[in-house]
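Spelled out, the chains give:
Number of protein chains: 2
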Amino acid sequence: MGNAAETLSDRLDPDVTDPADLGEHLERHERLGRECAALPDARHGLERGTVVVDGDAVVRGYPSVPRALVLDPTVSEHFDAERVVVEEKLNGFNVRIVDLGDGQPLAFTRSGYLCPYTTDRARTLLELGEFFRDHPRAMVCAELIGPETPYTTHDYDGVDSHALRVFDVRDRATGEPLPIDRRRERCASYGLPQPRVFGAWGTESAPRHVRRVIEDLDEHGREGVVMKSPDATTALKYTTETHHHAELAYAAGTPFERGRDFLFSRVMREAFQAYEFDEDGDRLRERAHDLGESLLLPFVETIREVAADGGVGDEHVARGDPEHVGALLDHLRAFGVELEVIADETDGDDRVVRFRKVAESTRDRTRHYLSGGTYDE
Amino acid sequence: MGNAAETLSDRLDPDVTDPADLGEHLERHERLGRECAALPDARHGLERGTVVVDGDAVVRGYPSVPRALVLDPTVSEHFDAERVVVEEKLNGFNVRIVDLGDGQPLAFTRSGYLCPYTTDRARTLLELGEFFRDHPRAMVCAELIGPETPYTTHDYDGVDSHALRVFDVRDRATGEPLPIDRRRERCASYGLPQPRVFGAWGTESAPRHVRRVIEDLDEHGREGVVMKSPDATTALKYTTETHHHAELAYAAGTPFERGRDFLFSRVMREAFQAYEFDEDGDRLRERAHDLGESLLLPFVETIREVAADGGVGDEHVARGDPEHVGALLDHLRAFGVELEVIADETDGDDRVVRFRKVAESTRDRTRHYLSGGTYDE
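Heads up: the sequence lines are chains A and B, in that order.
When the count follows full-length UniProt numbering, it moves up by one through the first sequence with no breaks and lands on 377 for the last residue.
When the count follows full-length UniProt numbering, it moves up by one through the second sequence with no breaks and lands on 377 for the last residue.
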């Protein structure tokens, strides 16, 4: 174990609290024979989802990325760097993959859960052995994308089932990122797939270039971009109209599950983007119509489904090793998610389960109102 | 003073706590030489806005009226009565007017504030002397409507400035309402103006009739209806699409002032109404487009105003006795509302002030984002 001799204090910024000292704030779970203690919220300089594994190895959380509501002047205000590198932001599930020295990579979700299913996917989809032998302290930050994932459902051209894209490589214990040039080169040399890079521009001209990129991504129904300083320490995200509308439709399809903040924040993104992009009144009106359809049509469709005693909730697919697929479904159920299995099939060595995460609040509230319950303000 | 001999306990349902016993929960203010103690939230069987005046006279709050999200079956589920009386719900400001025995009516806002301005308006707009001499325990519940009010701005045909419409008469201390027939007759005989009544229908057929009424009100840009049991003890409200969109536009014009619940609850009303009314896909799509415009256009307009250093916030007019208009403006300022006076004129004996309630959060948040501030999720 290449890093067995490290101590926690060697690996941490002295200004950052040692996560092992946050005992009472850590939430414990055991998976794959590992004892994990995860930090449920950011504190003391540590990111949400920071994990201490087996009481010793620190796996830092992935920092939250601030969002620009207008590109100009936010890009130049936000970055100290003179240039920003613009990469595609993919609509998937944020995963951190580390190897604690035994050649068996482990994958953690954003919240710090050591997920056996995602771990199995990471080991299957990525060739990580040589990479971790050469870079034992690395934390590979990747997005799990594609229609067949248990967490998200966005389609990507060329991804029939699911895939991982590495968008960051960090020091597992300090969280320090590799500069973008080195990360892209290193991932390429080990055959790790990455998101597209659109270019690098000075912060003054970036808004103009990013807007062109965003318009193109929008036409192709994709999520948006992440801008980063070349050293990858500072990041800023910005998303497309299509993505905002897809998010609103997602929220409106299970309206009583999503927070009200979810709805408001998406409308806000739209309004600021419309202010910056849509000088044209017709264009603005068209955006408004699309926004209204995104909000209302899925909501009405859900009410109709409930009225017809149909199922409501997001459909997902879990594909992989039968044991890990089973463990995933058990895990979701253990977290209180009611699952409705729609299909459970075998495809070669894979078990492929299509299931619905039942939107219980939406189903129950909607039934209540449809059967004559009043809304008391 | 006709009711001076009453004691608090005479006047209250024994199951209801004597408001004088809620000392620590009451908020005190003094206006027009009266000491008021108001209940800021519903508790112990007492409505929010219940007031004890001069330590003795109880003025009950106006109960919150539940809302139907679908008419069928909510009307028949909600009412024990066989019939419901359907009256127009006006878009204005809920006011309670009482006379504590000195022939000087006092007007309270929904929250229990003894409002000198509204009191002056009530004394000016309504002939209350004979009414209160004959019915000293009465509480006149009225809506202050019209374009020239300091609280709302909805236009009504035939109301150039402002007016009061009496929609309920209750016992001031017990809150017991007059049955609708007697209330309409009594108000008519004393010349007190009332909202329109559309009819009385059995609870089974009411949804069909109310839907027709709602469609007609919708075409005329009006708010909706209140259905009541004939004894006026049970009520249920239902509103028009036009009203929902107006509310969304209102919220979207000052998005950081209104709660996120405000936005969500209006979208919800729309979705359930669309489910019940809009079997036609084109009709549903048209509603969605209008909803989208209501949300997005005022929001973008507000961002543009802030970018141009213009004023944001609702415009209102206060018209009346110069002293009371001044007191109203002072009162609003004392409650932390930043006012921008747009015009301050004299019209006969009236002082007419047009002012903006500055939407400080919207202005400040919007400036922050426009100057490059990020949104951190």
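I should point out that these hints are in silico values taken from the structure, not numbers from a laboratory.
Glycine included, every Cβ here is placed at the ideal spot set by N, Cα and C.
Check each hint, because a few of them may be wrong.
Said to hold, decoys possible - Far from chain B, by Cβ distances over 10 Å, these chain A residues were calculated:
(1) Glu77
(2) Glu293
(3) Ile342
Stated by the list, open to error - Per the computed footprint, the stretches of chain B lying under chain A, defined by three or more beta-carbons under 8 Å from a beta-carbon of chain A, are:
(4) 60 to 74
(5) 282 to 290
(6) 348 to 354
(7) 368 to 374
With a C-beta cutoff of 8 Å, work out whether three or more residues of the stretch 60 to 74 of chain B approach chain A closely enough for the coverage to hold. With 8 residues closer than 8 Å to chain A, the stretch 60 to 74 of chain B meets the three-residue bar; holds.
Can you confirm whether chain A covers the stretch 368 to 374 of chain B, using C-beta to C-beta distances below 8 Å and requiring at least three such residues? It holds, with 6 qualifying residues against the three required.
So is isoleucine 342 of chain A really clear of chain B, every C-beta pair being over 10 Å apart? The claim holds: isoleucine 342 of chain A sits with its nearest Cβ about 25 Å from chain B, beyond 10 Å.
If you count the residues of the stretch 348 to 354 of chain B with a beta-carbon closer than 8 Å to a beta-carbon of chain A, do you get 3 or more? violated (count 0)
Proximity test - 8 Å, beta-carbon atoms, the stretch 282 to 290 of chain B to chain A, at least three hits: With 6 residues closer than 8 Å to chain A, the stretch 282 to 290 of chain B meets the three-residue bar; holds.
Taking C-beta pairs only, is glutamate 293 of chain A more than 10 Å away from all of chain B? Glutamate 293 of chain A is in fact no farther than 10 Å from some Cβ atom of chain B, at 4 Å.
Looking at glutamate 77 of chain A again, its CB stays over 10 Å from all of chain B? It is violated; glutamate 77 of chain A is separated from chain B by about 3 Å at its closest Cβ, not greater than 10 Å.
Hints 1, 2 and 6, counting from the list given before, are not met by this structure.
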